[in-house]
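Protein chains: 2
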Amino acid sequence: MSIRIGIAGYGNLGRGVESAVKNSPDMELVGVFTRRDPKSLQTLTGAPVYSMEAAEGMREKIDVMILCGGSANDLPEQTPALARLFHVVDSFDTHAKIPEHFEKVNGASLESGKVSVISAGWDPGLFSLNRMLGQAVLPQGKDYTFWGKGVSQGHSDAIRRIPGVKDARQYTIPVESALESVRKGEMPELSTRQKHTRECFVVAEEGADKKAIEEAIVTMPNYFADYDTTVHFIGEEELLREHGGIPHGGVVFRTGVTGLQGTTKHVIEYRLNLESNPEFTSSVLTACARAAYRLGREGHSGCYTILDIAPAYLHPESPEELRRKLL
Amino acid sequence: MSIRIGIAGYGNLGRGVESAVKNSPDMELVGVFTRRDPKSLQTLTGAPVYSMEAAEGMREKIDVMILCGGSANDLPEQTPALARLFHVVDSFDTHAKIPEHFEKVNGASLESGKVSVISAGWDPGLFSLNRMLGQAVLPQGKDYTFWGKGVSQGHSDAIRRIPGVKDARQYTIPVESALESVRKGEMPELSTRQKHTRECFVVAEEGADKKAIEEAIVTMPNYFADYDTTVHFIGEEELLREHGGIPHGGVVFRTGVTGLQGTTKHVIEYRLNLESNPEFTSSVLTACARAAYRLGREGHSGCYTILDIAPAYLHPESPEELRRKLL
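Chains as they are written, first to last, in our numbering: chain A, 2 to 328; chain B, 2 to 328.
Read the hints as simulated data drawn from the structure, not as lab findings.
Careful, some of the hints might be misleading.
Copies of one chain are not kept apart here, so a pair can be met inside one copy or by any two copies together.
[Claimed, not checked] When the alpha-carbon atoms are kept at most 30 Å apart in a straight line, the in silico DSSO-like pairs for lysine-lysine are as follows:
(1) 326 with 105
(2) 196 with 185
(3) 196 with 212
(4) 143 with 23
(5) 185 with 62
(6) 185 with 98
(7) 62 with 143
(8) 326 with 196
(9) 40 with 62
(10) 326 with 150
(11) 23 with 185
(12) 185 with 326
(13) 98 with 326
(14) 143 with 185
(15) 185 with 105
(16) 105 with 62
(17) 326 with 143
(18) 150 with 185
(19) 40 with 211
(20) 62 with 23
(21) 150 with 196
In this text the structure is predicted, and so the values were computed from the model without any measurement.
Based on the sequences and whatever the hints tell you, model everything.
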């Protein structure tokens, strides 16, 4: 029997989940739920579209609802609400608010007797898992997380709010010499500036003061002031052609020492190189939906993160098969 | 209360566990168990040494016994035997026999009501976990495992058995161009020869026929015939000075595609660079001992692998703390 999936929210993430479910032989997509007019949406696979309000009436038709809204405005309300009806999975990524979100979702899931998985993606998600495993295996050591090369939506939006800017794309780029130093096990102390640079591609409005725009970008507190930032002004066509994708990725390192004197060095490196940030996040969400369903079938309820789930729950094959083929 | 650890077997792995336990604030080492004369052993930390037969009488004094014997001759008997008395952890690494070993150990642990964790190390172990997670997240894709640069004990031993060879060290080395092709997401089909080369450092006995030794090495079936192998004859002193360590490591890749048309590429890379293969394996064993103890406290019993354990069990901090700090 297939795992019956619902998708709540139909942006980049929702479309990614739609594809991932299509490519998972043990799953079927029941429908997409939206706060927009359902008639205004056409799904990639032709899956039916329902209004968000229709979800409550479909409790018996859907096993796991995958939430594809944003962490700022959608998930804090939607995840607990839908956790009262279904097993749910979200990619809530406001790191500082994860404990609070966990508590709310956990309460809702315990009440409904369902399973929820929050913060399922790559950071938080697979990167968190690797930070944790690195610390567990090499307790005497240091963590490093580098992001990029990739598009930061938050930083791109910040540039777009500057007067005279028509459109913009910002790439976060790890500093190669910092990566190399960590990779060698040198355990450097790195400032913000030493870890990442920022590269901006900006389309200015006609007649705009480019010098003023550049100055506004590189001095912007929190976003750019602490980084070495380069700004390129380009045409709108070039922006769409060369910078239309949403690639991302990064590296988590754990470097540490073992031995009675702590003199033996080890380096663990986990690297992601993603052509599409939302499609990869969607793939993690979909694997976690499988875990939520299985945990629920075993009678569990409450909220989980990727740190709290035995990894085999994420893979379609049985634990016996996995031991035989992959261990 | 500390987790009370016993070590069964006192070679490189046993000494590595001894150091790892010393560096784990939530653990204490009760003693080392050996089949040799206990009086003949002096431990690094001064921990007491007992005969293997004394283990049965110490059921109340030890929570987890970490097995540090070899997969060929020790663990197939010792792990099930000790699983009747304690929670146990081993690094059984004969891949083809893992299902059989699992069944035997599982039976013993279910009988005693204890928890066992087998095949805890890096391959099998952390590499297996990454192969599995890669498949779960990117179901349309390919796995690659590369080993090295590192010392292969089996291959070194095979060279030592050749007449005229006094001592030898063999390094397994991944082919850089193959790594690069995989890293770029080209998903190449790679033969054995295209993935790894083998480099041998050999001390010949005086008057030995070096040409014959080299020929015997490079044509040796299973071990060397399918690889590009280079042989260097060096002096005994140089071997000990330059090749005395036991470094190892490697890379697990998962490269795959997402999207409805399968056109979006992603690369996941997990790399280990280890100055000491046994010390790192010991560190994984020790983290898994923590997991075994905690699972036991929750009333679980039976056999687990790293695929079957929620990762948070491996880390000394609580799930709440981990969510707050690492997610």
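Consistency of the hints with the structure:
{"no.": "1", "hint": "326 with 105", "in the structure": "between (39 Å within a copy, 19 Å between copies)"}
{"no.": "2", "hint": "196 with 185", "in the structure": "both (15 Å within a copy, 23 Å between copies)"}
{"no.": "3", "hint": "196 with 212", "in the structure": "within (26 Å within a copy, 52 Å between copies)"}
{"no.": "4", "hint": "143 with 23", "in the structure": "between (40 Å within a copy, 19 Å between copies)"}
{"no.": "5", "hint": "185 with 62", "in the structure": "neither (53 Å within a copy, 42 Å between copies)"}
{"no.": "6", "hint": "185 with 98", "in the structure": "neither (34 Å within a copy, 36 Å between copies)"}
{"no.": "7", "hint": "62 with 143", "in the structure": "neither (47 Å within a copy, 34 Å between copies)"}
{"no.": "8", "hint": "326 with 196", "in the structure": "between (39 Å within a copy, 20 Å between copies)"}
{"no.": "9", "hint": "40 with 62", "in the structure": "within (21 Å within a copy, 69 Å between copies)"}
{"no.": "10", "hint": "326 with 150", "in the structure": "between (34 Å within a copy, 24 Å between copies)"}
{"no.": "11", "hint": "23 with 185", "in the structure": "between (42 Å within a copy, 26 Å between copies)"}
{"no.": "12", "hint": "185 with 326", "in the structure": "between (33 Å within a copy, 26 Å between copies)"}
{"no.": "13", "hint": "98 with 326", "in the structure": "between (39 Å within a copy, 11 Å between copies)"}
{"no.": "14", "hint": "143 with 185", "in the structure": "both (13 Å within a copy, 28 Å between copies)"}
{"no.": "15", "hint": "185 with 105", "in the structure": "neither (42 Å within a copy, 42 Å between copies)"}
{"no.": "16", "hint": "105 with 62", "in the structure": "within (25 Å within a copy, 42 Å between copies)"}
{"no.": "17", "hint": "326 with 143", "in the structure": "between (33 Å within a copy, 14 Å between copies)"}
{"no.": "18", "hint": "150 with 185", "in the structure": "both (21 Å within a copy, 14 Å between copies)"}
{"no.": "19", "hint": "40 with 211", "in the structure": "neither (43 Å within a copy, 81 Å between copies)"}
{"no.": "20", "hint": "62 with 23", "in the structure": "within (18 Å within a copy, 54 Å between copies)"}
{"no.": "21", "hint": "150 with 196", "in the structure": "both (12 Å within a copy, 28 Å between copies)"}
Of the hints listed earlier, those the structure fails to meet are numbers 5, 6, 7, 15, 19, in rising order.
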